[in-house]
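Residue numbers (the working numbering), protein chains in the order written: chain Z, 1 to 297; chain R, 1 to 297.
These are computed hints drawn from the structure, not numbers from a lab. These numbers come from a predicted model, not from an experiment. Careful, some of the hints might be misleading.
Because identical chains share one entry, a pair is satisfied inside a single copy or across any pair of copies.
No farther apart than 20 Å at their CA atoms in a straight line, the calculated lysine to any residue pairs in the SDA-like style are these [claimed, not checked]:
no., residue 1, residue 2
1, K148, P118
2, K114, T223
3, K253, R167
4, K272, M231
5, K253, V243
6, K160, N106
7, K175, I258
8, K215, E259
9, K215, D226
10, K272, W232
11, K215, R152
2 protein chains.
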Amino acid sequence: MFESLVKFFYDLQDQITGALEQESGSSKFHEDTWTGEGWLAGGGRTRVMESGTVLERGGVNVSDVHGLLPDDLARNMPGKAREFRAAGISLVLHPLNPHAPTVHANFRIISRGKQEDPETIWFGGGADLTPMILYEEDATHFHSIWKKVCDRYPSMPYTKLKEDCDRYFYLPHRKEGRGIGGIFYDYVDTAPEVMGQFTREAGSSFLDAYLPLLKKRSSQSYTEEDREFQMWRRGRYVEFNLVYDRGTQFGLKTGGRIESILMSLPPIVRYKYDYRPAPGSRYEATMQALSNPRTWV
Amino acid sequence: MFESLVKFFYDLQDQITGALEQESGSSKFHEDTWTGEGWLAGGGRTRVMESGTVLERGGVNVSDVHGLLPDDLARNMPGKAREFRAAGISLVLHPLNPHAPTVHANFRIISRGKQEDPETIWFGGGADLTPMILYEEDATHFHSIWKKVCDRYPSMPYTKLKEDCDRYFYLPHRKEGRGIGGIFYDYVDTAPEVMGQFTREAGSSFLDAYLPLLKKRSSQSYTEEDREFQMWRRGRYVEFNLVYDRGTQFGLKTGGRIESILMSLPPIVRYKYDYRPAPGSRYEATMQALSNPRTWV
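Excised from the complex, chain Z in its bound form (with noise of 0.2 Å):
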């Protein structure tokens, strides 16, 4: 099971890669491979894409490493063994045009003990959109490509996910999501081959989810206040990943390879003391939206 996962974790990366680049003009994704260090063996791929026409920065990684896990370690997380495995893809992509929304997707089997048995292995992952300047309609197509792949699976019910995802990337101190969601899920009590199907018709849904909005909203025209508007707004998306992510505090903590786990801050950042948007404008409403989780299908 894992083994085949790991398979089709590297294909998703260049299936999602490759469309990425077709999108781009000459802009190429740049390539580098890595073996892990210390406790953690194995390695992964990482892929970037920097000062590209459509994205400003972009990384799709692929990760397979294992180890005996660490005393601090072995403590938070659940299960009992000492042998470890974590395999998986992990993507952020945050596009030049401000139009178009910055996104963030995972999928990941883990296992802690022996491999082969399945009660030692869990799934977690997920897909969510964080609008710059919102645009309702693609909130909309966005969340409802994932809830078609839910519907699918009565265990893994849309709306639970999509909440779970509200829940997760979420800045208390702000009161505010860090975007408009998708879904999330971890440690579900969920047959693993069911599970792993089920990532699996999630990652392949991706492109669905996301390619058409990149397409329609990198060809718009942009003024420079929406350009500044973007800039500062990617600075809460620096504070969520920084101060609350669990997953990068987990990979600065462990070891991992830091360039491969801040691939996901932004590009260019402003920060502006006390800047809020004009009432009335675009800028308000989509901060408006950001406190206040919708229904978007």
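Here the structure of chain Z is known, so what remains is to put chain R in place on it, guided by the hints.
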């Protein structure tokens, strides 16, 4: 004791912002006074300058808050009483010119229990320098001022305060210091009268330590490459402040005033994948100094 320190902090804020405005042509600080929310009563006075000719972003804040500690905070702080009061001055200055160093300083008095009882009072503070492009003579000047202050207080040995500073402003996942340090102290077991006096002397030395560097470097010409390097270096500042800084974490989690706390973040930041300064360059020399704390005086 508390009241007279609070007055000192407000006066120091006037002195520092006045001196900085003198360097800044027509750029002025914007002032906001605010009052605490939830369990925190009291308030503060935030002064911010943005898009200045000398300071691209700078904040000099005084706060004086009090209240009855909630359970979770009560457990994680020294002392037993519920009554809590904290007052201090906190500043971060991000110059526009990449040759001019970023600086942070903070001086505070805290009591837990009756404020007349010296047993319930403690002090904390310090100042540290974050050069974007290192000038060794600037680092030496900065440290020499703090050493002079410490040398007048046998209970506050410069060498210890310098090492504590290097230890605090450290990014373990990068194995780098945030900057070239300065001094740092907290929970010192010394008579409050002495600590109050030390805190006044240290606070009053801030301009001596920093202003000459800001003046000298702000008139230096710089290249676009210097500016790019500065924006990249600032990314590390954000990483430290959001992932590790206990003051920031404490502030965000206790319901402090977000915009005053996050004034510490730089105005424009660039994240670049796996960037490394060219071997033999001044930029590389800067990064080497951050990886290996030095003796500056």
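Here is what the structure says about each hint:
1. Taking the closest pair of Cα atoms, K148 and P118 never come within 20 Å of each other, the shortest separation being 27 Å inside a single copy and 65 Å across copies.
2. Taking the closest pair of Cα atoms, K114 and T223 never come within 20 Å of each other, the shortest separation being 55 Å inside a single copy and 57 Å across copies.
3. In this assembly of identical chains, K253 and R167 lie within 20 Å of each other by CA distance solely across copies; the values are 17 Å between and 23 Å within a copy.
4. Taking the closest pair of Cα atoms, K272 and M231 come within 20 Å of each other both inside a single copy (10 Å) and across two copies (15 Å).
5. With identical chains, the CA atoms of K253 and V243 are at most 20 Å apart both within one copy (13 Å) and between copies (11 Å).
6. Taking the shortest alpha-carbon separations for K160 and N106, only the intra-copy value of 18 Å comes in at or below 20 Å, while the best inter-copy value is 45 Å.
7. For the homomeric pair K175 and I258, the shortest alpha-carbon distance between copies (11 Å) is at most 20 Å, but the shortest distance inside one copy (28 Å) is not.
8. In this assembly of identical chains, K215 and E259 lie within 20 Å of each other by CA distance neither inside one copy nor across copies; the values are 28 Å within and 36 Å between.
9. Within a single copy, K215 and D226 get their C-alpha atoms as close as 18 Å, which meets the 20 Å cut-off; across copies the closest is 35 Å, which misses it.
10. For the homomeric pair K272 and W232, the shortest alpha-carbon distances inside one copy (7 Å) and between copies (18 Å) are both at most 20 Å.
11. Neither within a single protomer nor between protomers do K215 and R152 lie at most 20 Å apart by alpha-carbon distance, with minima of 28 Å and 66 Å respectively.
Going through the hint list in order, the structure does not satisfy hints 1, 2, 8 and 11.
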